[in-house]
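**Q** Taken in order, these protein sequences are the chains called A and B. Numbering-wise (this note's numbering), the first sequence opens with residue 1 and increments by one. Numbering-wise (this note's numbering), the second sequence opens with residue 1 and increments by one.
None of these hints come from the bench; they were simulated from the model. Any given hint could turn out to be false.
You can't tell identical chains apart in this list, so a pair holds if it fits in one copy or across any two.
[Unchecked claim] In the SDA-like style, the derived pairs of lysine to any residue whose C-alpha atoms are separated by at most 20 Å in a straight line are:
| hint | residue 1 | residue 2 |
| --- | --- | --- |
| 1 | K64 | P2 |
| 2 | K112 | K169 |
| 3 | K64 | S47 |
| 4 | K169 | S77 |
| 5 | K112 | R18 |
| 6 | K64 | E89 |
Number of protein chains: 2
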Amino acid sequence: MPEIVILRIGHRPLRDQRVTTHVGLAARALGARGMFLAADDSGVVRSIRDVVERWGGDFFIEDKIPWKRCIREWRESGGTVVHLTMYGERIQDREDELREAERILVVVGAEKVPGELYGLADYNIAVTGQPHSEISSLAVLLDHLFAATELDREFPGAHVRVIPSAMGKQTEER
Amino acid sequence: MPEIVILRIGHRPLRDQRVTTHVGLAARALGARGMFLAADDSGVVRSIRDVVERWGGDFFIEDKIPWKRCIREWRESGGTVVHLTMYGERIQDREDELREAERILVVVGAEKVPGELYGLADYNIAVTGQPHSEISSLAVLLDHLFAATELDREFPGAHVRVIPSAMGKQTEER
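Looking at chain A on its own, in the form it has when it is part of the complex (with noise of 0.2 Å):
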């Protein structure tokens, strides 16, 4: 199973806000490392910190990154460079190939990338070349690549933790 790190680029401060911390959290949620910004926000920054620091894990988000140079010292250091983008290769056409993958940065775009991008990734894979979010393609994506073990993962640390329940909300504080 690859380690995958998220690297977001495109985003605007203020009106991309909610969909960025939604980004991140999804990496979160379903297994990614972390997130590297390239962007100046510390709303989003302090968003993701907060939720890490209640719910656990080791998730880490730092902003103001060079998105060029990140992507060839993740290539340089012999990390494979996925760019997510509807025009891509069709996920299951090689999702088997990624999950052989030692380290994967993953590459999500705001509305639009520059188009230097395309060839600087190793990959460029859609999730559908349909129109959607880069929200539900990361979630596929990183759903396929963890093969859905993701799902199972604990968060040490966590001050707060859901019991799952068939029926109302039940947690449990630490």
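Given the structure of chain A, go ahead and fit chain B onto it with the hints provided.
**A** Leaving out everything else, chain B in the frame of chain A:
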């Protein structure tokens, strides 16, 4: 494979427009039949109908839906109601059973949902007990219930279609 329709509740016009549009587009791309919106928001309806017009398929969207009546009528007509919530039972424990249902209404709430919803649904289902995003939760739920077959789905009548490609953007206009 069940027929799946989304019921979006708790939508606050303006504030939730982008997230609800992402919910609708993810639902469409990942094989749902349509979305009922329990709010008055013609902006969301227009965005989604524009995508259907251009990208094909027959996904429907209707707003101003009274949510309780929608749930009651769905159940009275023999359908199954699944409420997506981080407090629910683990999807991995219920997905085999849910795949046997004929018609599922998936209720997707915004930040707060009325407490009585837990009792009105046949199932309360969680995609991890962690806080993330209704968009990522819905994506994983649909992908699991359709057993990834939705990724091969065609959208008839499209004016534009992506040609999956290892590098760059290729589309076909019709």
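**Q** Now, for every hint given, state plainly whether the structure supports it.
**A** Comparing the hints with the structure gives:
Taking the closest pair of Cα atoms, K64 and P2 never come within 20 Å of each other, the shortest separation being 25 Å inside a single copy and 44 Å across copies. In this assembly of identical chains, K112 and K169 lie within 20 Å of each other by CA distance solely across copies; the values are 12 Å between and 39 Å within a copy. For the homomeric pair K64 and S47, the shortest alpha-carbon distance inside one copy (16 Å) is at most 20 Å, but the shortest distance between copies (32 Å) is not. Taking the closest pair of Cα atoms, K169 and S77 never come within 20 Å of each other, the shortest separation being 44 Å inside a single copy and 28 Å across copies.
With identical chains, the CA atoms of K112 and R18 are at most 20 Å apart both within one copy (17 Å) and between copies (16 Å). For the homomeric pair K64 and E89, neither the shortest alpha-carbon distance inside one copy (30 Å) nor that between copies (38 Å) is at most 20 Å.
Consistency note: the structure conflicts with the earlier hints numbered 1, 4 and 6.
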